[in-house]
Amino acid sequence: MAELFQARVLRNSEVCPGIFNLVLEEVRLAALAQPGQFLNIRVSAANSPLLRRPLSIHWVEEGRVEILFQVVGQGTEILARVRTGEMLDVQGPLGRGFDPDPGDRTPVLVGGGIGIAPLGFLAQHLEGRKVLALLGARNREVLGCSGGTRLDGLGVAIRAATDDGSLGQQGLVTELLSEVPANGLIYACGPGPMLRAVARYALEKGIRCQVSLEEHMGCGVGACLGCMCRGLSAAGESVYKRVCADGPVFDAREVDWR
Amino acid sequence: MAELFQARVLRNSEVCPGIFNLVLEEVRLAALAQPGQFLNIRVSAANSPLLRRPLSIHWVEEGRVEILFQVVGQGTEILARVRTGEMLDVQGPLGRGFDPDPGDRTPVLVGGGIGIAPLGFLAQHLEGRKVLALLGARNREVLGCSGGTRLDGLGVAIRAATDDGSLGQQGLVTELLSEVPANGLIYACGPGPMLRAVARYALEKGIRCQVSLEEHMGCGVGACLGCMCRGLSAAGESVYKRVCADGPVFDAREVDWR
Amino acid sequence: MKSGEVNLSVNLGGLELRNPVTTCSGTYGFGEEYAPYADPAQLGAIAVKGLTREVRQGNPMPRLAETPSGMLNSIGLQNPGIDEFEARYLPELRKLDTKVLANIAGNSVEDYAYVSSRLEEAGGIAGIEVNISCPNVKHGGIQFGTDPKMAAQVTRAVRENTMLPVIVKLSPNVTDITEIARAVVDAGADAVSLINTILGMAIDIRSRRPVLANILGGLSGPAVKPVALRMVWQVSQAVKVPVLGMGGILTATDAIEFMLAGATAVAVGTGNFVNPRAPLEIVAGIEEYCRANGIREVKELIGAAWL
Amino acid sequence: MKSGEVNLSVNLGGLELRNPVTTCSGTYGFGEEYAPYADPAQLGAIAVKGLTREVRQGNPMPRLAETPSGMLNSIGLQNPGIDEFEARYLPELRKLDTKVLANIAGNSVEDYAYVSSRLEEAGGIAGIEVNISCPNVKHGGIQFGTDPKMAAQVTRAVRENTMLPVIVKLSPNVTDITEIARAVVDAGADAVSLINTILGMAIDIRSRRPVLANILGGLSGPAVKPVALRMVWQVSQAVKVPVLGMGGILTATDAIEFMLAGATAVAVGTGNFVNPRAPLEIVAGIEEYCRANGIREVKELIGAAWL
Ligand SMILES: Cc1cc2nc3c(=O)[nH]c(=O)nc-3n(C[C@H](O)[C@H](O)[C@H](O)COP(=O)(O)OP(=O)(O)OC[C@H]3O[C@@H](n4cnc5c(N)ncnc54)[C@H](O)[C@@H]3O)c2cc1C
Ligand SMILES: Cc1cc2nc3c(=O)[nH]c(=O)nc-3n(C[C@H](O)[C@H](O)[C@H](O)COP(=O)(O)OP(=O)(O)OC[C@H]3O[C@@H](n4cnc5c(N)ncnc54)[C@H](O)[C@@H]3O)c2cc1C
Ligand SMILES: Cc1cc2nc3c(=O)[nH]c(=O)nc-3n(C[C@H](O)[C@H](O)[C@H](O)COP(=O)(O)O)c2cc1C
Ligand SMILES: Cc1cc2nc3c(=O)[nH]c(=O)nc-3n(C[C@H](O)[C@H](O)[C@H](O)COP(=O)(O)O)c2cc1C
Ligand code: FES
Ligand code: FES
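Protein sequences appear in the order of chains A, B, C and D. Mapping the first sequence onto the working numbering, position 139 (from 1) lands on 139, and the numbers just tick up by one. Mapping the second sequence onto the working numbering, position 71 (from 1) lands on 71, and the numbers just tick up by one. Mapping the third sequence onto the working numbering, position 276 (from 1) lands on 276, and the numbers just tick up by one. Mapping the fourth sequence onto the working numbering, position 49 (from 1) lands on 49, and the numbers just tick up by one.
Isolated chain A (complex conformation):
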């Protein structure tokens, strides 16, 4: 169950240009959080920017909850200026996360850019298992600071693809998909086109796959119907589903990819 927190900022540091690691001290939130869930953060007490910003939980450790965010606009710019000791108005944990129990399947994390962030928390839950990660990013540095380094630290086997070839092979992460074993379970997060390609590949090969979607949000709790994605009903009809409440994580088979 989600709650509202006034969470103390323990640290907010620019881990590489334009990407920040924000560490919140909030024991209860840490206890409630599940991998793939997100926080809805009020970045300013002023009336503008008005809406909260949805940000995935990247890491949870000893009562601390971390996020990794990329500065892309006004809200994240303000968030980048938050300093140690300030209190942040945080709502969460929200949404339906990943199903972190892969059973006897081999978990394969597929992440693109800042979409790698939530896979860190998921990998924490998968610790002790053999985990493969296929990661893509602009370059080595972004891949590392978007969560790659942390996955590495957990002993996850990483295969990388970068735009400039500075790490792994040059190209898109989707070009690594052939490495997913037939009994694999894909957990994917990243840009829309990447997710679509991953899901299509998985559906085609009959590989299980969970994807974390993104959509602009009004409420973040399922009340406003502003964040819809095209899903499939049990009967196979295309129906709107709420990314914030029915997701953000969906089984690839629940989504209408047409």
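One should not assume that every hint holds.
Said to hold, decoys possible - Pairs of lysine-lysine, DSSO-like flavour, derived with a Cα cap of 30 Å:
hint	chain 1	residue 1	chain 2	residue 2
1	A	K241	A	K205
2	D	K299	D	K240
3	C	K95	A	K241
4	B	K205	B	K241
5	D	K149	C	K149
6	B	K205	B	K130
7	B	K241	D	K95
Please keep in mind that the hints were generated in silico from the structure rather than gathered at the bench. Only a predicted model underlies this, so the values are computations on that prediction, with no experimental measurement involved.
Using the hints provided, position chains B, C and D with the ligands relative to the given structure of chain A.
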């Protein structure tokens, strides 16, 4: 002539509860500033709060411009959080200030609460002359940190009135007006009722008096006609005058006090 | 009532509310989404998402755009329809210890009549808010809300099909909102609510296309508060029925402004998104304001700024 | 034109502007107040404070209230009257190397006609903006702007008394702004400008009174941008004359949105208060946008979002 500056914040410190001393490094602004003029400060790059905040120049020294402000609402709350090294969007110096040349009259500064602030800069211009100040405030601490201490440092003779009697006599600063010599020139800044009482006293006794008025502002430059006060035309008719551009300092005889 | 206590109850067109704070339709789901943050039992009432006779998928995505101190939405009345509402949501709503306002819309006068009578029969609904002002649908919606004759017709149809209090929700997208208000009151409305969203749009300069798939959307949030307040001021003095005021309410100060302008009760909409505890904080803030000002009955605030 | 250069000029109903950026009447004084921050010679045009036949004192104070991302004003057309304008301000305006739009208002159709012919004779004015939409005056003002017949009458009177381009300024406080737009275009307007302020109010919960002495005021600033943009979108597609778009413009992005929505030129109002260099920065930003997108003529932006 006023300009727009991106001024570096050298210091912003809470000099007593709820009152801040903001020091800006801006050589050109310091050179242009005249006592009684004000700055129009944009407190946030966001759309809300939207309007600039008018704040008087309190002190100018070695290329530094200082203001003293009281936290009363959203804008000043945001300003209170500004830190050393940040750049502040400052427009100024604005308005018609005090006529700092008292000729052969004895300058008498009359200030109430945070209205003491601009009298500091005026006193800098009057240095070397015998200056009397009649100051009122809630208590000793507020009187000091609203500019009283600085006046004292300049050798101004201070007569004080405080609500709680913690400094000078208990009561209103207007009760000290009998101390103004007949050849005095009053420079007054403070709450509306105080200014009215001071002006009435001066007009009655035939003492010269300049008052600094306050009004909510839209533009601060005379363009919007939002900040009017009731003035007197040359012919003695009641006409609107712009506090921002025709003032904020007016000769008491130019104002319609009815 | 103990000494120092404030009586917060108000009567909104026959609807006895324990306090004057409610929620806006379409921003509060079906009452469960915000329950973790603010117990609906502590609110005067809640209004649920706009209902139509048939299932509606709503408008294509994107449906939202943030604007300065506000937001645009073009949800387009996505809702499960009256059948599923009764089967799936109403039983849950009945369990909440608060008054539930059903918000209804339709393509035709008959639709409004039909949904009203269904709700009347179903039970568990405290009042019907008649949305004649949705800017986001092709048929009905805003057309009913800009023409006094059609507004009256819809009101009459609902009135004839229910004994429940009927609250007609007015559109701000009109030259003279008091004209529409008078028309629906003459047609039997027990109260009016206002404002619905103001028609607006946003453009993406990268794609050079409107941001919303539906092109136009409805503006809500603090940006619209001055307009909402003005309309509440005008309408509450023009008609004899109570006004449910909304539009940009985020804090107790906002809510009190609406009551002073003439609102009998207020509703929090977009404010829920920003602060899910806003409705509760507003109840507390109103009570505190009354106490600090020696006001024993919150009713005394209603229209207190008129003169 | 050198390679890579962008042609920023636009034609606003016969008015050749060197670039599409102008200022809003009432927010830019008589052209001198903002000169220290942005040289008027670098703008397409400037509009000066609304003028009437007689001297006007305007409304009582307070006249301003800040609102979320916006502000309310109830200046009430305080102005020196046409005589003093000609004697004192016009000579100064003539010295500025920019086009000056005179904004006029009146209590009657005759007033509008009179002021127009005076301006025509005086010379030095590039165009007349006819304010039929001021929400802050008792007579004329907004009444002329909400009734298509009266709007047309005023337009015709101005049209008959001047050869200058006539731009009619529309009120957003109407059900259908395209109806008024069509009426004034049929009556001879060379262009329309929109939006004027949206009627709003604010209440002080301490005094329990409206903040503005005039009770109601006009809302401007970024808060109204989505509404202004929507109306520009609607009007520019409904009439054949060019649209001067305004309402909440603060940045080049805002201005480009208005052009994509159908505005031929834009005006900066409240934005001047926030950033006195906004008009100049907008000129530069539009140019940069065009260059980055391979657009050689700024005209290509006009209505580019229509389809
Ligand atoms: C479930 C979820 C999890 C996310 N997790 C992360 C994360 O871990 N790290 C990270 O860097 N980003 C994440 N994002 C994206 C992040 O929410 C946006 O980058 C952020 O909201 C942009 O805000 P802004 O004000 O800086 O940008 P602006 O573009 O100025 O924002 C304008 C509006 O658009 C919305 N918006 C803009 N981009 C997005 C987007 N991609 N998704 C949703 N809303 C958007 C904003 O919330 C705001 O309402 C996540 C998004 C979702 C939906
Ligand atoms: C010429 C001039 C000089 C001033 N000098 C000083 C000074 O040296 N130190 C100081 O502490 N204060 C000074 N003030 C008052 C100061 O401008 C206000 O306290 C400040 O604007 C309040 O902003 P806020 O957002 O915190 O308050 P809010 O009440 O939230 O502000 C809401 C709106 O009202 C306006 N406003 C509120 N109070 C005042 C006021 N008293 N005068 C003008 N506008 C107001 C704000 O600018 C804003 O637009 C001066 C005012 C003027 C006109
Ligand atoms: C996302 C969203 C959905 C809405 N859906 C409805 C609706 O179904 N029926 C209705 O009458 N009003 C609807 N509204 C309008 C609100 O109930 C309310 O009138 C408006 O948002 C103004 O209030 P606010 O500024 O507090 O949000 C909706 C508003 C929003 C933001
Ligand atoms: C203080 C003020 C005074 C105004 N005076 C006039 C006026 O005299 N004539 C007029 O046509 N519009 C007047 N307006 C309206 C503006 O010209 C403009 O239409 C409106 O403010 C919307 O633009 P903005 O949001 O950029 O300010 C005034 C607006 C403000 C804020
Ligand atoms: S953001 Fe409101 S339903 Fe998802
Ligand atoms: S604040 Fe605009 S004229 Fe004074």
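Hints, verified against the model:
no.: 1; hint: A:K241 with A:K205; in the structure: 25 Å, holds
no.: 2; hint: D:K299 with D:K240; in the structure: 15 Å, holds
no.: 3; hint: C:K95 with A:K241; in the structure: 25 Å, holds
no.: 4; hint: B:K205 with B:K241; in the structure: 25 Å, holds
no.: 5; hint: D:K149 with C:K149; in the structure: 22 Å, holds
no.: 6; hint: B:K205 with B:K130; in the structure: 21 Å, holds
no.: 7; hint: B:K241 with D:K95; in the structure: 25 Å, holds
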